[in-house]
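Put the complex together from the two separate chains, hints included.
First to last, the sequence lines map onto chains A and B.
Okay, so the first sequence: first residue is 1 according to our numbering, each after it adds one.
Okay, so the second sequence: first residue is 1 according to our numbering, each after it adds one.
A portion of the hints provided could be inaccurate.
[Said to hold, decoys possible] Chain A stretches covered by chain B per the calculated footprint, using a threshold of three residues with CB under 8 Å from any CB of chain B:
1. 2–14
2. 69–75
[Said to hold, decoys possible] Reference listing, derived: stretches of chain A covered by chain B, where coverage requires no fewer than 3 residues with Cβ under 8 Å from a Cβ of chain B:
3. 33–47
4. 173–183
5. 200–211
If you're looking for bench data, these hints aren't it; they were derived computationally from the structure.
Quick caveat, the model's predicted, so the values are computed rather than measured.
For each residue, glycine too, the CB sits at the ideal point set by N, CA and C.
So the chains spell out like this:
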Amino acid sequence: MTTHLKEKHTLITRWAHWINFPVLGMMIWSGLLIYWANDVYRIGIARWTLFHFFPDWVYDAFGLDHQLAYGMSIHFFFMWLFAINGVIYFVFTLLSGAWRELLPTWQSPREAVHVIVYELGLRKTLPPQDKYNSAQKIAYTAIVLMGLGSLVTGIAIYRPTQVAWLTSLVGGYRPARFLHFLFMLGFVCFFLIHIVQVIRAGWNNFRSMVIGAELVVEQEAVQHE
Amino acid sequence: MSKSNVNPERELARRSRRTFLSLGVGAVAGVACWTYLRSRPHEGDLPSPFRRVLQWNGELTSSLFRESHLAPEFLPSRIEALPPNGDIGLNDQTENEDWRLLFIPHESDEVRYLTLPDIRALPKRELISEFKCIEGWSRIVQWGGVRFRDFVQRYAPLSEKAAYVAIATPDNEYYVALDIVSALHAQTLLVYEMNGEPLNDVHGAPLRLFTSVKYGHKSIKRIGTISFSDRPPRDYWAERGYDYYAGL
Numbered sequence: 001m002t003t004h005l006k007e008k009h010t011l012i013t014r015w016a017h018w019i020n021f022p023v024l025g026m027m028i029w030s031g032l033l034i035y036w037a038n039d040v041y042r043i044g045i046a047r048w049t050l051f052h053f054f055p056d057w058v059y060d061a062f063g064l065d066h067q068l069a070y071g072m073s074i075h076f077f078f079m080w081l082f083a084i085n086g087v088i089y090f091v092f093t094l095l096s097g098a099w100r101e102l103l104p105t106w107q108s109p110r111e112a113v114h115v116i117v118y119e120l121g122l123r124k125t126l127p128p129q130d131k132y133n134s135a136q137k138i139a140y141t142a143i144v145l146m147g148l149g150s151l152v153t154g155i156a157i158y159r160p161t162q163v164a165w166l167t168s169l170v171g172g173y174r175p176a177r178f179l180h181f182l183f184m185l186g187f188v189c190f191f192l193i194h195i196v197q198v199i200r201a202g203w204n205n206f207r208s209m210v211i212g213a214e215l216v217v218e219q220e221a222v223q224h225e
Numbered sequence: 001m002s003k004s005n006v007n008p009e010r011e012l013a014r015r016s017r018r019t020f021l022s023l024g025v026g027a028v029a030g031v032a033c034w035t036y037l038r039s040r041p042h043e044g045d046l047p048s049p050f051r052r053v054l055q056w057n058g059e060l061t062s063s064l065f066r067e068s069h070l071a072p073e074f075l076p077s078r079i080e081a082l083p084p085n086g087d088i089g090l091n092d093q094t095e096n097e098d099w100r101l102l103f104i105p106h107e108s109d110e111v112r113y114l115t116l117p118d119i120r121a122l123p124k125r126e127l128i129s130e131f132k133c134i135e136g137w138s139r140i141v142q143w144g145g146v147r148f149r150d151f152v153q154r155y156a157p158l159s160e161k162a163a164y165v166a167i168a169t170p171d172n173e174y175y176v177a178l179d180i181v182s183a184l185h186a187q188t189l190l191v192y193e194m195n196g197e198p199l200n201d202v203h204g205a206p207l208r209l210f211t212s213v214k215y216g217h218k219s220i221k222r223i224g225t226i227s228f229s230d231r232p233p234r235d236y237w238a239e240r241g242y243d244y245y246a247g248l
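Looking at chain B on its own, in the form it has when it is part of the complex (with noise of 0.2 Å):
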């Protein structure tokens, strides 16, 4: 085309007209395509084109998600002090030792309370494992307590049928869903111990959850209620604009 009859300055000009108004056009459909998503009606404190992008990619990397994968554990001196952040739901006036575990399992009218030497009772298990904070923030922490999986086979077995867990306060103010697999995961605890100590009630005592399959938000503290569902349960920072699959 180059050195054909074509005059260049001509056909330059041609070429400029044409794809400098299509890179207009394409800038001003980008403009309006940011803000018709960003002017959706909110879900869960988002736009809801957002939300359902994070569902889609929770779905998708949940496909992916493998029971063998395990977040890696570590040496004991590599533990590090765990700074307290948020304390909703901590605030009810029960003393720890009066403290109860209401305990809903799926699809049954009967309701259990369980004390902490019910929890006990289980095999021990520790985990060196990262806590991993939605903020950025990381500590190594060690955690003692019992797999969340063995807590349900000895309960309530038929449970582990269920879609999801819910996990509130005894106040009900704080309050976390997890897919049951995540759950059951061999890092999902009922902790009652860390860094070597008996839980303390910034930390959520008598009982808290940690998982290292989840953003710390989900490892609730101070565990009232445990119930399942097939159906997506409420979770406090999933109202709150931020993904409610939360997974690592």
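With the rest of the complex left out, here is chain A (with noise of 0.2 Å):
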């Protein structure tokens, strides 16, 4: 048995993706702070409510009220280095080719369900992978599209006048601040599984993606002695 250092996440990849977790995290404490504001969107049927968004003390426990001026400004200071963060991940995954990688294929969604069965242990195999499932192919793509929706969501609500061909493909003015919230809660669910399945993958595999290659245990050539 023998070990070696396997090349898995590209410098850049990696500068995006940890560049990205405050950002974003910056972003979303902003966008509450202006939501806070105008509060008005529930699960529920007419004048019955299951949940708001969000209760009082959502806003108590994290201190999210009467900031809206300051939250715009942090916002509006932010989505700078959220887009120009976002638009260099995108070109350098499209140019170098590894968005080949990330794209699920019409396979993934059948081998998703698998791989979902699979982690909740309902299931002793796991369908053949590359470098990611297809879960996490779709997963990893659908935060990327998450990611140029609330952009473009984002432009729409900015300035709805000036772009205001761009407010109406996305439904108009009130679905657009609808849709970029919906982006919002996204984000912080991918965040949530992101965690869980990071944790449960190991240091190896975290690692990997702070410092780049991951330690590979090789038992084949074993074998073949």
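What follows is the structure in structure tokens.
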């Protein structure tokens, strides 16, 4: 049995990832400061509400109330970092061919179900995979598209008269704000699942996102001898 | 590199040490940057770096501003009631019949007092457009009045050369600044009718502004004074942490 280091994540991927983490965090936090001023979204039917985004204790717990102006100034500061970092990642992923490892195939949805069943401990085997399994391919492609979506809906709310065509394209001013909010919820859900999966995948995997390489134990070499 | 003579465990330790240290330094630098930014002296109730980026965003997007870019207009069936929001500057004692608009043309010593019939004498324009509050809500409202552009052309055409318009309530409690390009936009109106009715007191009778190129707080109610300037005039909410440009 031998071990060797296997390169896994490029420098640009890792930079983009670790810059995006705090920047997206700032965008979500400042976005909530803005959302507080008109917190109309809820899950419910007619006058019956199952869940209101957000109950008062959420604003109290995180200190999100009465800071609309401050929130906007932070949101429109960090939007540049979020957009530039995202564009660099997107263009690099496109040009380097790394998108081939990320883009789901027609088999991916079916395999992703298989992966999830396995992850839940209800199945013993995994479908064969490359760098990423099918569930990861779908999740990591979706998160990039969601980033793009939040950028587009963000612009549509930011200058709805100047880019009226774009605002219409995403359904109008109010739907654009709602979609922008949904993308935020999507980021939060992704983040929670991502954290759990990273913990489950273990230290070697986490370390590879920082240093770029992971330690691979090669057992085949033993068999061939 | 992977299968060279280098011991992979040692190589791993070396790279981990170096990279995790860099990540840690980066994290500390990020927190230090954030702490520095938010601790800067305030300008207009915001730490100065955030204020400057807001202004820079305003300059950038105003350079992309086109007179031909219009906000969508809606069918009468879409009209909604507009909730009154904010009464600053609406509490002076003048009766609406005694109201006069104090109009100060650009670079002029001549001061004029205009009456509502003076305004109504201009071509009437109706616009069903979405009023967008900076708080995040919006309402589709029918506005009736005259284009600010027509008003300036009629009463002081040379004022178009000013860089800014300053509009204030009769008591000067509320005041807004508009860049001249936004003020002269086709969807910037001096409004005396709302949703088919004469403008009522809570919405700024007898004359208010509506502009589709700025957030609602720039659409000042109960106009008392209109003047022009080449330097940025005061703006009520920009002094309280909001964007001075506040463009849409």
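Any hints from earlier that this structure breaks? Give me their numbers in increasing order, please. none
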